Amino acid sequence: MSSPPTAPPKAPAPESEGRPPRQSAVRRVLALLRNTWRGLTSMRTALILLFLLALAALPGALLPQRSLNQQLVDQYFADYPTLAPILDKGGFFDIFATPWFAAVYLLLMISLIGCLVPRNLDFVRAMRSDPVATPRNLARLPHHAAATVDEEPDAVLARVRTLLGGNRFRAWQRAERDEAAGVRTVSAEKGRLREAGNLVFHLSLVGLLVGLALGKLFGYEGQVIVLSGGNQFCNSSILGYDSFRAGLRVDGTELEPFCVRVDDFSAEYLANGQPDLYRAQIGYQSAEDVEAGDTTQWKPYDLQVNHPLRLDGARVYLLGHGYAPRFTVTWPDGQQRTGQIQWRPVDMTTMLSEGATKFERPGVTDPAQRQNSQIAVTGLFAPTSSGGQVITSVYPDLRNPQVAVDVLRGDLGLDDGRGQSIFSVDQAQVDSGALARVARANLLPGQSVTLDDGTQVRFDDVTPWVSLQVSHDPGQETVLIFAILLLAGLGVSLAVKRRRFWVRVVPTGDGRSEVRLGGLARTDQAGYGEEFDRLRVAILGEDHAFQEPADPAHQPESSGTPKPGEPTGSTDRGDT
Amino acid sequence: MPIDPVLAAYSDDLYLGAVAVYVIAMFLHAFEFVGNRKPMRAKTLVATSGDEVTGSTDETPGPAERVGRTRSDKCGRMGVSVTIVGLLLHVAAIVLRGFATERWPLGNMYEFTSAICLAAVVCWLVVLRRSPSLRPVGAFVLPPVLILMFLGGTVLYANAAPVVPALQSYWLAIHVTTVTIASGLLMVAGVASILYLLVKAGKAGRLAAKLPGVDALDRLAYRVTVVGFPIYTFAVIAGAIWAESAWGRFWGWDPKETVAFVAWVVYAAYLHARATSGWRTTGAPWINVVGFATIVFNLFFINMVVAGLHSYAGLS
Ligand code: HEM
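Residue numbers (numbering that gives the first Met the number 0), protein chains in the order written: chain A, 0 to 575; chain B, 0 to 315.
Don't take every hint at face value.
Stretch by stretch, here's where chain A covers chain B in the computed footprint (C-beta under 8 Å, at least three residues) [claimed, not checked]:
{"id": "1", "segment": "159-170"}
{"id": "2", "segment": "258-268"}
Not close to chain B: a few residues of chain A, all C-beta gaps over 10 Å, as computed [claimed, not checked]:
{"id": "3", "residue": "PHE95"}
{"id": "4", "residue": "THR97"}
{"id": "5", "residue": "TRP99"}
{"id": "6", "residue": "SER235"}
{"id": "7", "residue": "ASP250"}
{"id": "8", "residue": "ASP293"}
{"id": "9", "residue": "ARG336"}
{"id": "10", "residue": "GLY412"}
{"id": "11", "residue": "GLY453"}
Derived from the structure by calculation, the hints contain no laboratory data.
Fair warning: this is a prediction, and the values are worked out from it, not measured in the lab.
Beta carbons: idealized from backbone N, C-alpha and C, even for Gly.
Whenever a hint applies, use it, and build me the whole structure from the sequences.
This is the structure in structure tokens:
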């Protein structure tokens with residue numbers, strides 16, 4: 000996240016000019032700053048920034064992203080060799096980590112804060128003060144009516160009070176005021192909670208961002224494959240993982256040192272091979288157990304998809320599974336080596352897997368000889384074999400396991416310093432003739448194949464492996480709390496209607512009163528028309544509708560946004 | 000989890016029945032627009048009674064419509080009744096699907112397209128109960144429902160089946176149900192905004208005479224969005240909570256999540272536009288339409304073209 004372009008454009012250097020212009024330059028800078036700030040915190044800017052945010056995020060869905068799938072990105076480079084590098088320069092394959100994406104949301108946050116702080120102050124002020132005084136001319140409001148009723152002002156006011164009272168939640172906030180010549184007014188206001196909701200909502204957005212940042216800084220995520228049948232994994236260092244993604248401030252020295260032991264894995268499938276249940280029975284020792292030296296007890300846990308193991312600060316997930324066939328090589332001199340390593344599924348529906356299990360002949364000291372006696376068992380593994388010459392897998396569960404293997408002998412090329420895949424042999428070694436196929440066979444568990452020199456390769460059995468993910472995100476709770484606040488604030492601010500209602504009662508002197516009503520919906524909330532009408536009927540009676548000639552510009556049913564020049568008190572919106 | 004094929008077949012039949020009945024309802028609503036566009040009998044009645052003539056302009060079917068029952072009026076009323084019948088069949092189809100699979104019936108694209116349509120129809124009927132004068136809009140709510148249901152029953156159709164382990168969670172019910180409800184509501188709002196734009200631009204031609212006025216359409220769009228948007232927000236949050244327990248992170252910018260975010264921001268922009276001078280009546284309806292387009296895009300394009308963790312479309 001590089002610094003967003005929040006600084007206003009540079010002003011001309013003040014030194015270069017004489018005295019009077021210098022002062023005006025300072026003033027100009029100030030004016031510029033003020034205008035930039037006003038512009039940045041205006042409603043219109045917020046709108047534009049929201050658009051930009053939506054637009055900026057969109058490529059993240061349409062283009063492959065490195066954070067999700069590097070292979071798809073490579074594929075894209077292969078498909079569009081000219082376009083891809085250009086896009087890459089713009090960060091299009093890492094949209095959410097680009098400075099310009101950060102710039103948009105940081106600007107939005109600044110705009111948000113700049114917009115909210117004054118609103119917040121206004122809100123507190125408004126909470127403490129009475130509803131604003133009754134405007135002089137109620138007929139200019141979007142909702143208004145007037146009539147003469149056969150009651151003394153006191154009686155009318157009493158009625159208005161009960162009407163606007165009611166229980167705590169429905170009640171209007173009221174203030175009564177006396178004007179000259181016995182004229183009395185009631186100002187009522189409802190829905191101040193809306194403002195509170197709106198503020199909670201917007202502030203929660205800031206809180207949400209803070210939570211996300213915490214996660215980005217101090218979180219980590221690592222994947223590791225563990226064979227079932229009692230194998231362990233301890234979260235002691237990054238090196239223990241097959242892949243690891245560290246937060247910006249994570250160096251791997253302070254991982255929670257818990258341990259997990261995978262005792263058993265089972266999967267249930269439907270008849271058509273669709274998985275129905277994955278379950279890993281694990282034992283674990285929490286970080287406290289390990290630190291207290293209590294390393295003999297394993298607490299059992301049933302790890303399933305959707306049921307992660309939640310330890311203090313870290314969570315362990317069951318991400319996937321596969322099979323690890325076990326092979327034993329017996330050399331003619333009777334020496335034996337057993338090897339077992341995970342093979343990777345190539346077809347997720349049948350779990351047909353591929354891999355390479357590699358062996359070094361024991362007791363060979365001569366480096367040259369050692370390199371020529373290495374053995375790799377490669378090929379395919381079918382958990383439920385189709386049988387026949389060319390086998391494939393027909394079902395994902397272990398019903399009829401079989402391997403179709405090539406046994407290669409020679410120099411695996413393990414020592415040349417280049418890393419190689421654990422799932423295959425180095426094709427370059429095969430091409431150069433350093434590694435040659437010496438046998439090919441389909442083996443059931445217990446079956447073996449004998450090489451030309453009498454070496455025996457036996458397929459012993461197979462063990463499932465699970466892939467676990469360990470996640471740590473210290474911002475997660477913060478995010479959740481603010482998400483809930485955000486939702487509550489949003490609900491309140493959209494459900495609560497903010498409106499004002501005024502009554503002016505003028506005594507006519509003959510025991511009757513002239514009653515004038517005015518109403519204003521202070522937020523974009525359709526439907527005040529009906530509510531106003533209900534109040535009007537309750538106060539003036541049915542047949543006194545619209546006695547006063549209505550201003551043709553006002554539709555009585557319109558949603559009633561304040562018109563410029565209307566007495567709206569404090570500004571309701573960011574733009575003025 | 001066994002599948003009950005008999006119930007599943009009944010469910011499919013009911014679905015077809017619902018589509019057929021909605022088609023009839025749509026035609027009934029369409030008839031509302033043809034023939035006696037200016038209800039003569041009604042007009043004279045109002046004129047003689049002498050009050051509130053100003054209240055019933057061509058654009059707002061006011062008291063005039065209530066007094067005289069024209070044929071077009073009858074068609075409209077029947078359209079509503081028939082829609083309710085379709086709705087009952089539709090509900091039955093979804094419920095039976097749930098019983099047939101013994102799970103919450105929102106596990107693949109066929110199922111949630113169907114549920115979105117249900118939500119839209121329910122929303123529409125609720126709107127109608129509160130503001131009966133909006134009835135002619137029904138002729139425009141039903142076509143998108145029918146298009147979706149047609150696609151659902153053909154291209155997207157998936158046989159009743161259990162769902163994969165990642166979807167076996169009560170969060171499926173919470174998250175997907177709220178997403179579909181919100182989508183259904185936002186669809187109605189989107190239709191209202193499209194009509195608003197058409198009428199305002201004078202493109203609605205003679206249809207405009209029967210449609211509610213632009214203010215009423217604008218209000219409809221706003222009111223429904225204001226209910227749909229918080230539900231949508233809740234759904235996205237629920238999705239994040241579920242993702243945390245299913246995939247190990249609450250937010251990962253998966254394509255589906257990204258477009259959900261984009262749609263959310265667009266709707267936030269809509270609400271902002273409603274409060275920004277100069278945008279309230281011109282820009283806002285467009286933004287609302289874009290918002291719904293984004294939701295549809297998320298439903299179809301992202302599920303079917305872009306593969307992600309959310310690839311539970313049930314298509315193969
Ligand atoms: C992260 C960016 C933002 C998002 C997602 C967002 C979202 C929303 C939403 C959903 C609403 C309608 C709900 C409500 O009334 O509470 C709203 C209203 C509002 N927002 Fe924002 N907002 C953002 C930034 C801003 C900024 C920067 C400003 C100030 C310029 C602002 C000012 C307002 C105002 C004044 C309202 C009330 C509108 C009314 O009275 O109806 N918002 N915002």
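Here is how each hint holds up against the structure:
1. Beta-carbon proximity to chain A at under 8 Å applies to 8 residues in the segment 159-170 of chain B; the threshold of 3 is reached and the given coverage holds.
2. Only when three residues or more bring their CB closer than 8 Å to a CB of chain A does the claim for the segment 258-268 of chain B stand; here the count is 7, and the claim holds.
3. With 10 Å as the threshold on Cβ separation, the claim that PHE95 of chain A sits away from chain B is violated: the shortest Cβ distance comes to roughly 5 Å.
4. Chain B leaves THR97 of chain A outside its interface by the beta-carbon criterion, the shortest separation being 12 Å against a cut-off of 10 Å.
5. Its beta-carbon lying about 16 Å from the closest one in chain B, TRP99 of chain A satisfies the requirement of being farther than 10 Å from that chain.
6. At the 10 Å boundary, the C-beta of SER235 of chain A stays outside the reach of chain B, the nearest C-beta of that chain being 20 Å off.
7. At roughly 21 Å, the least C-beta separation between ASP250 of chain A and chain B is larger than 10 Å, which holds for a residue marked as non-interface.
8. The claim that ASP293 of chain A lies off the interface holds: its Cβ sits roughly 27 Å from the closest Cβ of chain B, which is beyond the 10 Å cut-off.
9. A cut-off of 10 Å between C-beta atoms confirms that ARG336 of chain A is not in contact with chain B; the least separation is 36 Å.
10. No beta-carbon of chain B is positioned within 10 Å of the beta-carbon of GLY412 of chain A; the least distance is around 35 Å.
11. The beta carbon of GLY453 of chain A is kept farther than 10 Å from every beta carbon of chain B, the shortest such distance being approximately 47 Å.
In this structure, only the earlier hint numbered 3 is contradicted, and the remaining ones agree with it.
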